[in-house]
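Take any residue in the sequence shown, count from 1 to its spot, add 1: that is its number in our numbering.
Bear in mind the hints are in silico, worked out from the structure with no lab data behind them. Any given hint might turn out to be false.
As a list, the in silico DSSO-like pairs of lysine-lysine whose alpha-carbon atoms are at most 30 Å apart [claimed, not checked]:
hint: 1; residue 1: Lys526; residue 2: Lys563
hint: 2; residue 1: Lys563; residue 2: Lys589
hint: 3; residue 1: Lys526; residue 2: Lys511
hint: 4; residue 1: Lys589; residue 2: Lys392
hint: 5; residue 1: Lys392; residue 2: Lys250
hint: 6; residue 1: Lys563; residue 2: Lys511
hint: 7; residue 1: Lys392; residue 2: Lys563
The structure presented is a predicted model; accordingly, all values stated were derived computationally and were not measured.
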Amino acid sequence: MSSLLNIGLTGLNASQAQLNTTSHNITNAATLGYHRQAVSQAARDPQGLGGAFFGTGTMVSGVTRAYSQLLENQVMNADSRRADYAAYNQYISQVDNVLADADTGLTPALNEFFAAMQSVSSNPTNVAARQALISSGETLTARFRTLDARVSEIAQGVQGEIGATLGSINSYAEAIAELNQRIAVSQANVGGAAASDLLDQRQQAIAELNQLVKVSTVTARDGSLSVFIGSGQNLVMGSRAKELLIGDKLDENGRPMVLIRSAGNEATPIAETLLSGGALGGLLAVRRDGLEPAQRSLGLLAATMATAFNEQHELGVDLNGRLGSAFFDFAPVRVDPAGTVSASINPEQLAGLTGSDYALSYDGTRYVMTDIGTGEQQAVTPAVGGTLQYKGLNLEGLDGLVAGNRVFIYPTRFAAGSIEMAISDPRTVAAAAPVVSAAAASNSGTARITDIRIASSEGMANTSGVPVFNPAALTFTEASGVFTLQVSPAGEYSFVGGDTYTPVSESAGKIFTLQNSAGFSYEFKLSGVPAVTGDGFSLSANTTGIADNRNAALLGALQTDKLMFGGGTTGNTPTATLNNAYAQLVAKIGSKTREVQAGERTQTSLLEQAQAARDSVSAVNLDEEAANLVRFQQSYQAAGRVMSVAQRLFDEMLSIGR
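Make a model of the complete structure from these sequences and hints.
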C-alpha cells in the first residue's frame with residue numbers, strides 16, 4: 002500500500018506544482034516581459050516485481066518558460082529600428098515645419114526684399130522706397146537669424162535628449178549587470194537551472210535598453226550575458242557595466258563627444274558610428290545628417306546672398322555721390338585654432354562654396370583638406386607664400402603649419418545667425434552706377450554705348466568716397482569695315498581683350514572692357530555703326546548718383562541670377578538662384594522627413610507582426626490558463642483520491658489482521 006500512497010503523493014505534488022505555475026501565469030499575464038511558464042514532468046523510474054515493471058509515479062523535472070531566441074531577436078531588431086526612426090522624426094519634422102512654413106520661412110522675406118529693391122530701381126530718387134528697402138532688409142536678416150536660432154534651439158534639445166538617453170542606458174546597464182550576478186548565483190544553487198522570472202526581468206531590461214540603442218548579446222556558461230551596443234561596443238560583461246557620458250571636449254564638428262568609461266578607468270571617446278540604432282542612434286543621426294546640414298545650408302545661403310549683394314552694392318554710387326559700402330554684415334570664416342591660417346570667402350568664386358566644414362591637415366610633406374561631413378579627402382597644393390584657393394575660399398598662412406598640425410575651417414556655418422544690416426541711412430543705398438557716358442555733339446553715326454558695368458571699383462574713389470577719375474575719350478578709326486577704338490588719355494586707359502569692332506557681324510552689340518591704371522575697370526556695350534569722322538564718346542565719373550537706377554537694376558537681378566551650387570569643370574559655374582537653393586533645402590528636409598515617417602510606420606507594422614509571432618509562443622493566454630486550472634485541479638483531486646484509496650485499503654488490511 003505504501004507504493005500506491007507514494008504514487009498518489011507524487012501526483013499530488015506534481016498537480017500542486019502545475020496549479021502554482023498556472024496561477025503564476027495568470028497573475029503575471031499583464032507583466033511586461035513575462036514569458037509563459039510550464040512545469041515539465043517525467044515518469045519516475047519503474048520498479049521491477051515478479052518479472053514486470055510497475056510505475057512509481059511522476060516527478061517535476063523543472064519549470065521552463067516559453068521562449069524563442071529567434072522571435073525575440075526579430076522583435077528587438079524591429080523595435081530598435083522603430084525607436085531610431087521615431088527619435089529622428091521627432092526633431093526633423095520640427096525643422097521641416099520651421100523651414101517650409103509659408104509665413105515664417107525664408108522665401109516670403111526674400112521675395113519682399115527683392116520687391117523693395119525693384120521699387121528702388123523703378124524710382125531711385127524716392128527716399129521712402131529706399132527706406133522700405135532697408136526695412137525689408139532688416140526683416141530678411143532677422144528671418145535668417147530667427148531660422149538659425151530655431152534650428153540651434155532644436156539642436157540643443159537633441160543634445161539634452163542625448164544626455165538623458167545616455168543616463169538611461171547606464172541605468173539599464175547596471176541593472177543587467179546586477180541581474181547577471183543573481184542569475185549566475187541562482188543557476189549555481191539549483192544545478193544549472195536559472196530562475197525564469199530573473200531571466201524575464203533581464204530580458205525586459207535588455208528590450209528596453211534596445212529601444213535606446215541597438216543591442217546584441219552573448220550568453221556565457223554561468224548564464225550571464227555580455228551586452229554589446231551599436232556596432233559592437235561592449236557595455237556589460239558579466240557583473241561589470243561600463244558608463245556612457247558626454248565629455249567636455251568637442252569634436253571637429255563642434256559637438257560634445259560621447260565617452261565610455263569602465264570602473265576605475267579613464268573615459269575614452271567613442272565614434273558615433275558605433276552607437277547606431279535605437280533612440281540614441283536616431284538622435285545622433287538627426288543631429289549629424291539633419292540639423293547641422295540645415296544650419297550650414299542656411300549659412301551658405303546667407304553668406305552667398307550677402308557677399309554677392311555687397312559686391313554689387315560697393316560698385317554703385319549713393320545719393321551723396323559716394324561709392325557704395327557693404328549692405329550686409331555677417332560673421333567671417335572661422336578657423337580653429339586661430340592664428341596661423343586665415344580664411345575668407347572669395348567673391349570671384351562664390352558658387353564654389355559648398356556649405357561644408359573642413360579639416361586642413363599637414364603631415365610634413367602634403368596638405369589634405371577633409372570634408373568633415375562626408376569624410377571626403379583631397380590633397381591640395383598651396384601657392385608660393387602659403388596661399389590657396391579652395392571651393393570658394395581664399396586661404397592664407399598655410400606655410401606656417403608644421404608637421405602634425407590640423408586646423409578646422411567653418412566657412413558659412415555661423416553666417417545665418419550673425420547676418421545683419423550694415424547701413425541704416427536710405428541715402429546710402431547705392432542705386433546709381435559710378436560711370437556715365439556721353440556722346441559727342443558732332444556724332445553722325447548710329448553708334449551708341451549702353452550697359453556700362455563696373456568690374457572693379459578699386460582705386461576709383463578719393464578719401465571722401467566720391468568716385469574721381471579722368472574721363473575716358475573714345476574715338477574711332479576704320480579699315481575695311483573694321484573699326485578700332487582709340488582711348489585717351491592713352492597712358493591711363495587701355496582695353497582688355499581687344500579694341501576692334503565689326504558692325505557687319507557685331508552690330509547687335511559687343512562688350513568692351515576698359516582698365517584704368519589706378520586699378521578700376523568697367524565694361525560697356527557698343528552697338529550700331531559709328532562714323533569715323535566726328536563720332537566719339539566720353540566715359541566719366543558719376544558724382545551725384547541722382548535719377549540713376551543702373552546699379553539698383555543689377556542688385557535686383559541678383560534674385561534671378563544663378564549664384565550658387567557651382568558646376569562645370571572648375572566647380573565655380575553657378576547653377577541655382579537664391580530661391581532655388583532655399584527650395585532645394587526645404588525639399589531635402591521635407592523628403593527626409595517623409596522618408597523617416599514612412600520608415601517609422603513600416604517598422605511599427607513589422608514590430609507588431611514580430612510581437613504577434615512572439616506572443617503566440619510566449620504570451621499568457623488567459624482562456625488556456627483557466628482551462629489548465631480546471632484540469633490541474635481535477636488532477637490534484639484525482640491524486641488525492643488515489644491516496645484516499647490507498648489509505649482505505651491499508652485500513653482494511655489492518656482490520657483483517659485483528
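**Prompt:** What are the numbers of the hints that this structure violates, sorted from low to high?
**Reply:** none
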